[in-house]
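Now for the letters of each chain:
2 protein chains.
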Amino acid sequence: MYVNEQMHHLGSNRSVIRELFEYGKIQRAKVGDDNVYDFSIGNPSSPPPKAFQQALIDLLQTMDPISLHAYTSAQGDLSVRRAIAEHINGRFGTAFTADNLYLTSGAAAAITLCIKAVLLPEKNEEVLVFAPYFTEYRTFTEGCGGKLVVVPPKMDDFQIDFLAFEAALNPRTKVVIVNSPNNPSGVIYSEETIVRLCDILRQKEKEYGHPIYLLSDEPYREIVYSDAEVPYLTKYYKNTFVCYSYSKSLSLPGERFGYALVSGEMEDWQNVYYAVCGAGRALGYICAPSLFQYAVARCLGMTSDLSSYRVNRDLLLDSLTAYGYHCATPDGAFYLFVEALEKDANAFSEQAKKHNLLLVPGDDFGCPGWVRVSYCVSTDMIRRSLSAFQALAKEYGK
Amino acid sequence: MYVNEQMHHLGSNRSVIRELFEYGKIQRAKVGDDNVYDFSIGNPSSPPPKAFQQALIDLLQTMDPISLHAYTSAQGDLSVRRAIAEHINGRFGTAFTADNLYLTSGAAAAITLCIKAVLLPEKNEEVLVFAPYFTEYRTFTEGCGGKLVVVPPKMDDFQIDFLAFEAALNPRTKVVIVNSPNNPSGVIYSEETIVRLCDILRQKEKEYGHPIYLLSDEPYREIVYSDAEVPYLTKYYKNTFVCYSYSKSLSLPGERFGYALVSGEMEDWQNVYYAVCGAGRALGYICAPSLFQYAVARCLGMTSDLSSYRVNRDLLLDSLTAYGYHCATPDGAFYLFVEALEKDANAFSEQAKKHNLLLVPGDDFGCPGWVRVSYCVSTDMIRRSLSAFQALAKEYGK
Numbered sequence: 003m004y005v006n007e008q009m010h011h012l013g014s015n016r017s018v019i020r021e022l023f024e025y026g027k028i029q030r031a032k033v034g035d036d037n038v039y040d041f042s043i044g045n046p047s048s049p050p051p052k053a054f055q056q057a058l059i060d061l062l063q064t065m066d067p068i069s070l071h072a073y074t075s076a077q078g079d080l081s082v083r084r085a086i087a088e089h090i091n092g093r094f095g096t097a098f099t100a101d102n103l104y105l106t107s108g109a110a111a112a113i114t115l116c117i118k119a120v121l122l123p124e125k126n127e128e129v130l131v132f133a134p135y136f137t138e139y140r141t142f143t144e145g146c147g148g149k150l151v152v153v154p155p156k157m158d159d160f161q162i163d164f165l166a167f168e169a170a171l172n173p174r175t176k177v178v179i180v181n182s183p184n185n186p187s188g189v190i191y192s193e194e195t196i197v198r199l200c201d202i203l204r205q206k207e208k209e210y211g212h213p214i215y216l217l218s219d220e221p222y223r224e225i226v227y228s229d230a231e232v233p234y235l236t237k238y239y240k241n242t243f244v245c246y247s248y249s250k251s252l253s254l255p256g257e258r259f260g261y262a263l264v265s266g267e268m269e270d271w272q273n274v275y276y277a278v279c280g281a282g283r284a285l286g287y288i289c290a291p292s293l294f295q296y297a298v299a300r301c302l303g304m305t306s307d308l309s310s311y312r313v314n315r316d317l318l319l320d321s322l323t324a325y326g327y328h329c330a331t332p333d334g335a336f337y338l339f340v341e342a343l344e345k346d347a348n349a350f351s352e353q354a355k356k357h358n359l360l361l362v363p364g365d366d367f368g369c370p371g372w373v374r375v376s377y378c379v380s381t382d383m384i385r386r387s388l389s390a391f392q393a394l395a396k397e398y399g400k
Numbered sequence: 003m004y005v006n007e008q009m010h011h012l013g014s015n016r017s018v019i020r021e022l023f024e025y026g027k028i029q030r031a032k033v034g035d036d037n038v039y040d041f042s043i044g045n046p047s048s049p050p051p052k053a054f055q056q057a058l059i060d061l062l063q064t065m066d067p068i069s070l071h072a073y074t075s076a077q078g079d080l081s082v083r084r085a086i087a088e089h090i091n092g093r094f095g096t097a098f099t100a101d102n103l104y105l106t107s108g109a110a111a112a113i114t115l116c117i118k119a120v121l122l123p124e125k126n127e128e129v130l131v132f133a134p135y136f137t138e139y140r141t142f143t144e145g146c147g148g149k150l151v152v153v154p155p156k157m158d159d160f161q162i163d164f165l166a167f168e169a170a171l172n173p174r175t176k177v178v179i180v181n182s183p184n185n186p187s188g189v190i191y192s193e194e195t196i197v198r199l200c201d202i203l204r205q206k207e208k209e210y211g212h213p214i215y216l217l218s219d220e221p222y223r224e225i226v227y228s229d230a231e232v233p234y235l236t237k238y239y240k241n242t243f244v245c246y247s248y249s250k251s252l253s254l255p256g257e258r259f260g261y262a263l264v265s266g267e268m269e270d271w272q273n274v275y276y277a278v279c280g281a282g283r284a285l286g287y288i289c290a291p292s293l294f295q296y297a298v299a300r301c302l303g304m305t306s307d308l309s310s311y312r313v314n315r316d317l318l319l320d321s322l323t324a325y326g327y328h329c330a331t332p333d334g335a336f337y338l339f340v341e342a343l344e345k346d347a348n349a350f351s352e353q354a355k356k357h358n359l360l361l362v363p364g365d366d367f368g369c370p371g372w373v374r375v376s377y378c379v380s381t382d383m384i385r386r387s388l389s390a391f392q393a394l395a396k397e398y399g400k
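Listed in order, the protein sequences are those of chains A and S. My numbering applies: residue 3 is where the first sequence begins, and numbers increase by one. My numbering applies: residue 3 is where the second sequence begins, and numbers increase by one.
What the hints contain is simulated information worked out from the structure, not anything from laboratory work. Note that the structure is predicted; figures quoted are calculated from it, not measured. Any given hint could be a false lead.
As the list makes no split between identical chains, a pair holds if one copy fits it or if it spans any two.
SDA-like cross-link-like pairs, simulated, lysine to any residue; straight-line CA separation at most 25 Å [claimed, not checked]:
#1 Lys27 - Leu80
#2 Lys240 - Tyr210
#3 Lys27 - Ser81
#4 Lys149 - Glu7
#5 Lys125 - Met3
#6 Lys240 - Gly266
#7 Lys149 - Pro213
#8 Lys396 - Leu343
#9 Lys400 - Gly371
#10 Lys149 - Leu122
#11 Lys240 - His11
For reference, chain A alone in the conformation it holds in the complex (with noise of 0.2 Å):
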């Protein structure tokens, strides 16, 4: 094989989600559509607010079709950046501009392009992530020539472990990834947690002498069901990136529309900026979306319905609850983290296959012995599994 064998291995292993997914296909056509709960895959179940769809129309029923249509500039339209900074100004009391700001094709290349801004590989620098964690920060980061480190949490509140964090970080730590509310455990951290994390980092650049960067990953920071505030986190810490999506907010995680934020209290944060905008180039991205720009800057601060999400999960934390399942505490995003009932996840999954409920395993979160529910479903769906959960959970003993 004359390949590159390192993207040939991520090209041809399947996620688990995807093999999930792909079971639940044949096991619909086997028992009928309405017997397999696929609890597997993370695609918006609420769709797009009315008023999204009518400013794509508009756009497209009234603006100069070539200007639409039309390269914006690398890093998005200047007055749609502007617009977006100056919301995120009015919601979280920050003074951005547009120059912070560089659109994307959704959050997972903004956090590619930020990782590859500032990682340099023949120092054989690393990105610390902490667990559970979304599973692709290990493909972007091994992309870009770097190493993951994977910190686990605190069993008991899925908040960060110190004293472990401590013991991963090193000289060659040079980003740190943040994804709250998280995917796949639904936890916010606390601001408590919060600022003893950026405590930790300032120190940690002193003493090795280099800026650590902070990477906030957040597509999910709408949706929460505590009356926590979620931390800002650029207000905590200066050397801070914010990725965000617009793909869970508003229901378009096809469209690929989302942004990098490069905080403008950042150490020579002009020249990271140009660096992000240099990953761009390099890895051949041109623009974000043009017409999507256009509409998402037409409706900045709306979201979907998001209530469906709260419903489901009340539903099912209750219900999963009372069968004598133990969750994390799920105070934001769209899913369930439930300890698995024997110590083997994948053996569990298994076992849950069985009553056609399909939940994947936690190993390649970061996270083995625990299983993720992905709660943006029908209700309907939910109701009708929940025999199954119970069935389940009385196989062991429960």
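Guided by the hints, dock chain S onto chain A, whose structure is given.
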């Protein structure tokens, strides 16, 4: 500075094209919009077909919005890939299926993914391009850890200089990029050129004992002024990638939609395809924008009205030739490649600016001594610019 210097360099060094474009904005404010003749940019000046705009609106008005905006599979929606494969087969007599196609965010992404998929940086493998070449090939190649090797053209007709080509080939050559119709020369490679190119590649593959991948970058395939057929390269050479974009044919450059085709006759094609999929993951591509996937599938075979480009080409070519300029034969794309009237094309471009003519020096395209004139502009602007071209020629004694 603690950022990745290669990325910083790419992001902070504006391209000559961008510099000229910014200069044009300032100059227009000074002397008036109508008195600056900006031939710097390659943004289509013909709107998308009305049917395409209508397809977008229909999808927004009639398709379930959750499905419309959902993630498609990473390689693109199956039905869309099927439709594109069938369209290609109908047009070129090929026998591709959905499995040969990986839909991308434009041709830039497609090229980057193909290079990343097959290049082995640890073996110092090289990507070979023929001058004049699209400047970002260097960026994409170096971003994947490869080395770009530039082969100068035959200066009389801008076809391939095969002596120079054979001299540049070596056991590290892994990818050869062909861009016909060419940006920036407008030249189309004749079938004779392609046949000879492929014969040499096959011979060298045997000699080196590994595949050399031919990558056909063809966003301008539909913009052709001669009767000559633009050869479809999978029919001439097995180890061929076709990278295509709808940016120019449907006037959608800002929306980012295209594909990489991995020829089914390619040696070990399935593994190469997997590696393309893996590169997509590693570089943070999730899927091509879903709305545009579905809309393009409804409009296959359509193009924007390309007739104005022909009018522009004829007007410019005839006029410039009459004024004493010498141009490459512009059989396609929307660029005229003009020999500068002094040895240093940068100095010539500066001189042209005094007449408010914005012409891109060819140095970055690998052809010092020439300038690129993008004629995807209004015919009216070209008419107004002619006296400036004439005055410029006169200064050089023409």
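Here is what the structure says about each hint:
1. Lys27 - Leu80: This pair counts as between: shortest inter-copy Cα distance 14 Å, intra-copy 44 Å.
2. Lys240 - Tyr210: Within. Shortest intra-copy distance 16 Å satisfies the 25 Å Cα cut-off; inter-copy 52 Å does not.
3. Lys27 - Ser81: between (43 Å within a copy, 16 Å between copies)
4. Lys149 - Glu7: both (17 Å within a copy, 19 Å between copies)
5. Lys125 - Met3: between (29 Å within a copy, 14 Å between copies)
6. Lys240 - Gly266: within (8 Å within a copy, 51 Å between copies)
7. Lys149 - Pro213: within (17 Å within a copy, 30 Å between copies)
8. Lys396 - Leu343: within (10 Å within a copy, 86 Å between copies)
9. Lys400 - Gly371: For Lys400 and Gly371, only the intra-copy Cα distance (17 Å) is at most 25 Å; the inter-copy one is 81 Å.
10. Lys149 - Leu122: both (11 Å within a copy, 19 Å between copies)
11. Lys240 - His11: between (37 Å within a copy, 23 Å between copies)
In this structure, none of the earlier numbered hints is contradicted; all agree with it.
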